[in-house]
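Working from the sequences, and respecting the hints, build out all of it.
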Amino acid sequence: MAIFVLKDTSVTVNSIDLTSYVTNVELVQAVDSVEATTMSSTSVNAHQFIGGIQNNMVTISFNQDFATSKVHATLTALVGVQTTVVVKPTSAAVGATNPNFTITNCLMNEYRPVTGAVGDLATVGSISFAGGLYTAPIA
Amino acid sequence: MATYKVTSELVAGKSLGDTITDDELQGSSIEALINAGHIEPTTKTTKKAEAE
Numbered sequence: 046m047a048i049f050v051l052k053d054t055s056v057t058v059n060s061i062d063l064t065s066y067v068t069n070v071e072l073v074q075a076v077d078s079v080e081a082t083t084m085s086s087t088s089v090n091a092h093q094f095i096g097g098i099q100n101n102m103v104t105i106s107f108n109q110d111f112a113t114s115k116v117h118a119t120l121t122a123l124v125g126v127q128t129t130v131v132v133k134p135t136s137a138a139v140g141a142t143n144p145n146f147t148i149t150n151c152l153m154n155e156y157r158p159v160t161g162a163v164g165d166l167a168t169v170g171s172i173s174f175a176g177g178l179y180t181a182p183i184a
Numbered sequence: 162m163a164t165y166k167v168t169s170e171l172v173a174g175k176s177l178g179d180t181i182t183d184d185e186l187q188g189s190s191i192e193a194l195i196n197a198g199h200i201e202p203t204t205k206t207t208k209k210a211e212a213e
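Taken in sequence, the protein lines are chains A and W. With the numbering used here applied, the first sequence corresponds to residues 46 to 184, in that order. With the numbering used here applied, the second sequence corresponds to residues 162 to 213, in that order.
Please keep in mind that the hints were generated in silico from the structure rather than gathered at the bench. Hints are not guaranteed to be accurate.
When the alpha-carbon atoms are kept at most 20 Å apart in a straight line, the in silico SDA-like pairs for lysine to any residue are as follows [said to hold, decoys possible]: (1) Lys166/W with Ala141/A; (2) Lys133/A with Ala47/A; (3) Lys175/W with Ala184/A; (4) Lys52/A with Thr160/A.
If you anchor each label on the Cβ, the simulated ranges turn out as follows [claimed, not checked]: (5) Pro202/W with Gln93/A: 32 to 42 Å; (6) Glu201/W with Gly97/A: 26 to 36 Å; (7) Glu201/W with Thr180/A: 44 to 54 Å; (8) Thr182/W with Ser78/A: 36 to 46 Å.
If you want the ones that stay clear, here's a sample from chain W, every Cβ over 10 Å from chain A, calculated [unchecked claim]: (9) Met162; (10) Lys166; (11) Ala173; (12) Thr204.
Positions of the beta carbon are idealized from the N, C-alpha and C atoms, including for glycine.
Below you can see the structure in the form of structure tokens.
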């Protein structure tokens with residue numbers, strides 16, 4: 046796959062395909078930096094870090110929909126509940142050039158059902174799913 | 162293995178009226194899915210109920 050423009054990035058939250066409501070998505074694969082600097086007369090004058098446990102984050106912005114079993118119903122039921130978020134660069138089949146970025150056991154601890162100013166499109170303020178285990182299966 | 166009836170059009174890989182298992186929902190909160198109206202438990206008919 047060459048470089049490409051994001052147009053149909055697939056986003057699934059708690060097994061619910063919310064792709065058609067997503068306006069922005071950012072997935073951060075991260076680990077904690079754990080200080081491992083020691084006393085030493087020979088070491089360089091610098092902190093030393095080693096990789097700690099995973100500290101991933103998925104941040105998503107949605108257009109809001111209060112209809113039955115749509116965006117609001119899906120998200121409000123997930124506040125404070127561990128879940129799985131799957132982000133796929135395109136809606137095409139999963140493969141080496143279209144991995145299934147998956148964060149399992151992540152948590153949304155805050156949800157803003159109404160966000161915006163007069164005249165704005167009704168949206169969900171960007172919400173974050175924190176923690177969880179990162180994988181990117183290609184099959 | 163518990164099964165659920167799909168009651169919304171947004172369940173990934175399923176259509177309205179399909180059946181989905183808890184294995185397929187691994188990693189997802191089934192309680193949240195039920196509360197949001199995406200799935201509902203299927204009621205199993207017991208042998209005792211069938212006899213009546």
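To see whether the hints hold, each was checked on the structure:
{"no.": "1", "hint": "Lys166/W with Ala141/A", "result": "violated (33 Å)"}
{"no.": "2", "hint": "Lys133/A with Ala47/A", "result": "holds (16 Å)"}
{"no.": "3", "hint": "Lys175/W with Ala184/A", "result": "holds (19 Å)"}
{"no.": "4", "hint": "Lys52/A with Thr160/A", "result": "violated (24 Å)"}
{"no.": "5", "hint": "Pro202/W with Gln93/A: 32 to 42 Å", "result": "violated (53 Å)"}
{"no.": "6", "hint": "Glu201/W with Gly97/A: 26 to 36 Å", "result": "violated (42 Å)"}
{"no.": "7", "hint": "Glu201/W with Thr180/A: 44 to 54 Å", "result": "violated (30 Å)"}
{"no.": "8", "hint": "Thr182/W with Ser78/A: 36 to 46 Å", "result": "holds (41 Å)"}
{"no.": "9", "hint": "Met162", "result": "holds (16 Å)"}
{"no.": "10", "hint": "Lys166", "result": "holds (13 Å)"}
{"no.": "11", "hint": "Ala173", "result": "violated (4 Å)"}
{"no.": "12", "hint": "Thr204", "result": "holds (20 Å)"}
In this structure, the earlier hints numbered 1, 4, 5, 6, 7, 11 are contradicted, and the remaining ones agree with it.
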